[in-house]
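If you're matching them up, the sequences are chains A and B in order. Just add 52 to the spot in the first sequence (first one is 1) and you have my numbering. Position 157, counted from 1, in the second sequence is what my numbering calls 150; the numbers after and before it change by one each time, with no gaps.
Treat the hints with caution; some may be incorrect.
[Claimed, not checked] If you anchor each label on the Cβ, the simulated ranges turn out as follows:
hint : chain 1 : residue 1 : chain 2 : residue 2 : range
1    : B       : Trp9      : A       : Asp219    : 40 to 46 Å
2    : A       : Glu93     : B       : Trp9      : 27 to 33 Å
3    : A       : Ser198    : B       : Glu50     : 41 to 47 Å
4    : A       : Asp219    : B       : Asn145    : 20 to 26 Å
5    : B       : Asn128    : A       : Glu102    : 41 to 47 Å
6    : A       : Val91     : B       : Leu32     : 27 to 33 Å
Rather than coming from a laboratory, the hints here were simulated on the basis of the structure. Quick reminder that beta carbons are idealized off the backbone N, C-alpha and C, glycines included.
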Amino acid sequence: MLYATASQTVGPYLHIGLSGLNCADLTADAPELAGQRIVIEGRVLDGRGEPVPDGMVEIWQANPAGRYRHPDDARDVPLAPGFTGFGRVPTEADGAFRFVTVKPGAVPGIDGRPQAPHIMVSVFMRGLVKHVATRMYFPDEGEANSADAVLSLVPAERIGTLVARSDGPQRYRWDIVLQGAAETVF
Amino acid sequence: MPPRSDRPAPYRRPYWNTQPDYRYDPYGSTQLRAPTQPLIALPQSLSEVTGPTFGPEFVRAGDNDLTVGNGGEPIGERMLVTGRVLDENGRPVPNALIEIWQANAAGRYTHRRDQHDAPLDPHFSGEGRTITDANGHYQCKTIKPGAYPWRNHHNAWRPQHIHFSLFGNAYATRLVTQMYFPGDPLLAYDPIFQCVPDEKARNRLIAGFDWETTSPEYALGYRFDIVLRGRDATPME
């Protein structure tokens, strides 16, 4: 057996190599995509509450029907033409990131029961020797969130760090906090 | 029995000490950025075992040649980097997108935040992309990056390195790493290299000089194989 190569930080100059796949609007190539467009905005904050201006956020999600565009998702659920489910943006000087996408449908968990709709999120930056991975859930899915197998693994007082706030119609705010009492669950 | 379509086999957890911990005080930037609360290991559902897929259409001819500058060749020691991308089960990973970036031969990045007093090279952007073939092979042409100072501690210098970013087959196999060079005296003093606890795992980040890749009267060759997480179980046959 081989061992996976060790992770190393992206360093401060990640944008040189990682800008080519930037995608802030996951709906841009999917004009016929069903489902409501949503905006997800937030900031990445360090252990002092200072913005992280040199990071990168990647997201991965199912389409509104709950299907991932991937060979291992062979379920009989329709794909959405032009929708890859992948997004990537650098953080801005004030730590901000912003995606335009659609709300994902429910995807089964390992027990076969539906998981609450969620977006997979990876964050990269100088000072992270390996990326952090987390999930963003939706505030208007209270019942599904309560039944979600992954959220049930999270201490009750920390679940809120994984649930976005509603910020107007189809707009969500969700900050990624690297350290401290309000630290996002990774 | 075939695997259930809603539960493909999960990926292995990292082997002890082969991956760095988030917090590594000698690398100062980890102190305010490494998570401090307990991490929660997720069960691997479809969300973790799927991930973005990129076909050859994401790579244009010449993307893997960093020496094709703006109307001239970059200064520096020309080199070829080749290798295979495998999973932990030793199987090649085809169609693995690789993004690379690096400093120029003088140790300067083409980046507005890099203020190191070393010359920029108008013919070197330091950025490239490639994708593995059916056997997991990749190759890039570039120039050897220079070492450069940073402010982590007094007289801190990063060893020569190239950044690699890979998507494997899944969200769970995502990897960003750095490739180093054999015999670099700075490795012993570099907290980023040293943050990997296991010595063998650390040394696997060092490319091998490779005669077979070396091109006569043209470029030195280095070999750097990359291993992505592999599936924990294979279906019964």
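Hints and how they fare:
1. B:Trp9 - A:Asp219: 40 to 46 Å: holds (43 Å)
2. A:Glu93 - B:Trp9: 27 to 33 Å: violated (39 Å)
3. A:Ser198 - B:Glu50: 41 to 47 Å: holds (42 Å)
4. A:Asp219 - B:Asn145: 20 to 26 Å: violated (38 Å)
5. B:Asn128 - A:Glu102: 41 to 47 Å: holds (46 Å)
6. A:Val91 - B:Leu32: 27 to 33 Å: holds (29 Å)
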